[in-house]
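Novice: Listed here are the chains, written in short residue letters.
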Amino acid sequence: MSISAPLSSGISAEAVRRRLHGQRFDLPGIVVHVALLLSLLFSLVVLGVLVYDLVSGGWDVFASRFASFLSGTMRFAASESGIAQALRGTLWIGVFVVALAFPFGIGAAVYLEEYAPDNRLTRVIDINIRNLAGVPSIVYGILGFAVFVKTLSGLTGGRSVIAGGITLAILVLPVVIITAAEAIRAVPDDLRQGGYGLGATRWEVTRTQVLPYAAPGILTGTVLSLARALGEAAPLILVGAVVGRLGSNPGLFDIGSLDQRFTALPIVITYWAGLPQPDFRALTAAAIVVVLAIVLAANAAAILMRNRYESKRG
Amino acid sequence: MAQLITSQPGPGLTSADLRGDPRRMRKETVVRGLLFAAAATSIIISGLIVYSLVRETWTFVSQVDWALVWGDGWFPRRGQYDIKTLLVGSLIVTVVGLAVAGPIGLGAGIYLSEYASARVRKVIKPTIEVLAGVPSVVVGFFALTFISPEIIQRFREATPQQTMAAAGIGVAILIIPLVASISEDAMRSVPRSLREASYGLGARKVTTVGKVVLPAAVSGLVAAFIVAFSRAIGETMVVFIAAGKSGGSLFETNPLEPGLTMTAAMASIASGTDSVVGEALTFQSLFFVGAILFVITLALNIVADRFVRRVRERY
Amino acid sequence: MSRPRGTTVPTHETVAAVSTRPDLRRGDEGEGAGSKPLVFGVEDVSVYYGGFRAVRNVDLAIGQQEITAFIGPSGCGKTTMLRCFNRMNDLIPSARIEGTISYHGVNLYEDGVNPVEVRRRIGMVFQKPNPFPKSIYDNIAYGPRIARLDGDMDELVEQALRRAALWDEVKDRLKDLAMGLSGGQQQRLCIARALAVDPEVILMDEPCSALDPIATGRIEDLMEEIKSSYTIIIVTHNMQQAARVSDRCAFFTAEVNETSDTRTGILVEFDRTEKMFSNPADERTENYVTGRFG
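Line by line, the protein sequences are chains X, D and F.
Letter 254 of the first sequence, counting from 1, is numbered 254 in this note's numbering, and no numbers are missing.
To convert, count from 1 in the second sequence and add 314; that's this note's numbering.
To convert, count from 1 in the third sequence and add 629; that's this note's numbering.
Don't take every hint at face value.
Cβ-to-Cβ under 7 Å is the rule here; a few derived chain D residues that face chain F [said to hold, decoys possible]: (1) L327; (2) S329; (3) R333; (4) G334; (5) L508.
Quick list of simulated restraints, FRET-style, between CB atoms [claimed, not checked]: (6) R620/D - S838/F: 40 to 48 Å; (7) Y429/D - V45/X: 12 to 20 Å; (8) A432/D - K904/F: 52 to 60 Å; (9) R207/X - R623/D: 29 to 37 Å; (10) Y678/F - Y429/D: 38 to 46 Å; (11) R623/D - Y52/X: 38 to 46 Å; (12) K800/F - Y513/D: 51 to 59 Å; (13) A67/X - P529/D: 54 to 62 Å; (14) H33/X - P529/D: 14 to 22 Å; (15) Y429/D - G247/X: 29 to 37 Å; (16) Y513/D - R17/X: 14 to 22 Å; (17) G809/F - Q260/X: 52 to 60 Å; (18) E854/F - Y429/D: 56 to 64 Å; (19) K525/D - T151/X: 30 to 38 Å.
Since the hints were derived computationally from the structure, they do not count as laboratory data.
Since this is a predicted model, take the numbers as computed values, not measurements.
Don't be surprised by glycine CBs; every beta carbon is placed ideally from N, CA and C.
Only chain X is shown next, with the shape it has when bound in the complex (with noise of 0.2 Å):
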């Protein structure tokens, strides 16, 4: 008897193969497959149409004057102005968040994956994080307003990028602890056994163990929250930065104007838009071009470095 002969039950090899490969051509599946894979191509779609935009927007004045509209300060000529004074808000602001956000931030993560004991004050920093980190940014404005620019307004100048750099610092620090505690959390068992195993503190655990293994995921979480504090806007707006031209330019470096007036590349983005004449159109998205290549830059780099050390350790 042949392979291709009827079997038994009187059913044809050929029949029972049809059978298996069932129907042919699943409409509602593949209708659904690529409804889908739209949507996810979507968000690529406009990343994609929103950078060639405002690159394409922009480029002349990259083109014509590159250097003096990084150089030059705000004027009322959109020939002659430049972003000098937002870049030195942004850089500023950008030391602020280093400076306080990433070591409360990691502070508070190491206390609360590591030493905190399962009690109700530990449940109520828990979960006043995650509230915190779901607070509109211009809520922070108004925290950064009342206290930073009023209150203290003797220790940060009142409106100065002082007051905005410890707002925005504030801002992100829930993400960083969020993020900085995730990747803490990620840390195998085994290590700190290992470590205890051997009579270290728990502090010596921490430092030598755990935080060496969770650096990876922590710089992750902290370079994603500096480039969101770079690219805000809002709480800036509340505690006063000028959105409108600032007169006056200290140097990227003059440490004693901290406490004077200031403006930042996204407050600067802000005030450009709303501007009627179509010169500054342009200009705008030569600053966004600015603004974007800082942070999704930032953010890529982070990214790919989380990503690669995920796959690393499988």
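Given the coordinates of chain X, assemble chains D and F onto it according to the supplied hints.
Specialist: Just chains D and F, lined up with the frame of chain X:
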């Protein structure tokens, strides 16, 4: 010289030998204190937020003429504080944003969780995360100069350049990554066995996803929408740049007209002039609106947290 | 349900062994634990995780430079008991211990005793080899560095590796990552790492369960070699291993609490290994060591 087996304790061991190096232990105590202080900072921050909002809000609430808080429009410099103008403005922008971002973000989440190959995920997920990092001023400008003229005005030429719809679409761009990633997480946490049970019965992929995975992930999906709602209602710069009205607005319910949201109204007051002039309570109204926004987003976040937790408890 | 404690350890020898009272330590036949100085005395120890009682009413005596094996089925509290000896259970917030464990007459759980110092003196080797993601050298040097032992670190590392019978295999690649070693080598590295801080006792929690038979054999040989300098307590599922390496054996089993449907570990019998395997006093021990345990 370090030698192994130098100090086998005999019967003479006392509890003093088991106290440890006091210097190391002191350091441990100090570090613990510092780390606790860092964690406790978050409580102080919450306290400061409430303190900042409450004082001036109380001034506003106790002194304002309440007829003007439910009146004919939001013109704080003229003493008109119609809060429903702002609430409806915020609601319209948020609803437009969710209407766009909801299906697209959910679709992207389903695709990433159920359909995408490992290679596709590896390329596309980071790209979506990069989109999540685009600052909102950038999206605001994009909504103003691209979405409005290239999309909305193509459909209806008479539409003004600054509209709540344009701002809503801008907000959608900002929250799509959020919806996609939370819903993806929710679906990925559905146990494999559930899917296999469905496939084992001969169900197709569409059926399995639609009838098994989505219902099982529903808590997480609800959470995704609530978090997105909360984020959208608190979004400031897109609305401030692209929704049109600054300073004041009449009550407006048409998305294709300019409008004012709570956040944009606050930014307007703050950016108006150096020292806010106008009606006596203009400045305090900023805090009043801020307090309302804070309460709304807090409530939404707490509810979303409940749903997320429900997912975790179940699987 | 178990019988009362006293009847489960009926021999004269073990009665002497379980007591830490000096008057009872003498007077046995000369080859029991009483002949060796006592390292640990365990008296009526119960361990709880929150409201759940994991082990109850354990009495044991661990003699110096002996290998004591904890045997018994899964979930009978052997590991929980082992981790009481160096206070590793302190790291689990809900864990709580009742009774006393004395170490050379000092209660390990009394006020002022520092778990960090306890763990320096009482080392531990874990079920799964857990080398740190550092070089072989740095793995060994880790303990001495945090304990601030001064002296020639190179020499100390070499001594520890020699004691763990690993030196010849790794001496040319001390700077390589420890993860590159085979599973058995990693476990011997973990033993060397524990030896480097100069402990008196080594606790081993199923150290061979992740290893193949050849690597297991090498670890067992190693235990035999270092036994003259260290006191060893080993938890094992492998009865042949317990029979091969240990001087004394403690057989644990679990009793099911009908009301809460949880399992609590109890010590059934504690005696010299050859007696446990040839002529156990308790029927449950006999069933287990002969493989009839259900």
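Novice: Give a verdict on every hint.
Specialist: Here's how the hints hold up against the structure:
1. L327: holds (4 Å)
2. S329: holds (5 Å)
3. R333: Constraint on R333/D satisfied, holds at 5 Å.
4. G334: holds (4 Å)
5. L508: This hint is violated: L508/D lies away from chain F, its Cβ roughly 27 Å from the closest one there, beyond 7 Å.
6. R620/D - S838/F: 40 to 48 Å: holds (41 Å)
7. Y429/D - V45/X: 12 to 20 Å: For Y429/D and V45/X the Cβ distance comes to about 18 Å; the hint holds.
8. A432/D - K904/F: 52 to 60 Å: holds (58 Å)
9. R207/X - R623/D: 29 to 37 Å: Holds - the Cβ-Cβ distance for R207/X and R623/D, about 32 Å, lies within 29 to 37 Å.
10. Y678/F - Y429/D: 38 to 46 Å: Given a distance of about 43 Å, which is inside 38 to 46 Å, the answer is holds.
11. R623/D - Y52/X: 38 to 46 Å: Cβ of R623/D to Cβ of Y52/X: about 42 Å, so the range 38 to 46 Å holds.
12. K800/F - Y513/D: 51 to 59 Å: Distance hint for K800/F, Y513/D holds at roughly 54 Å.
13. A67/X - P529/D: 54 to 62 Å: About 60 Å separates the Cβ atoms of A67/X and P529/D, which means 54 to 62 Å holds.
14. H33/X - P529/D: 14 to 22 Å: holds (20 Å)
15. Y429/D - G247/X: 29 to 37 Å: violated (56 Å)
16. Y513/D - R17/X: 14 to 22 Å: holds (21 Å)
17. G809/F - Q260/X: 52 to 60 Å: holds (57 Å)
18. E854/F - Y429/D: 56 to 64 Å: At roughly 58 Å between Cβ atoms, Y429/D and E854/F fall inside 56 to 64 Å, so the hint holds.
19. K525/D - T151/X: 30 to 38 Å: Cβ of K525/D to Cβ of T151/X: about 57 Å, so the range 30 to 38 Å is violated.
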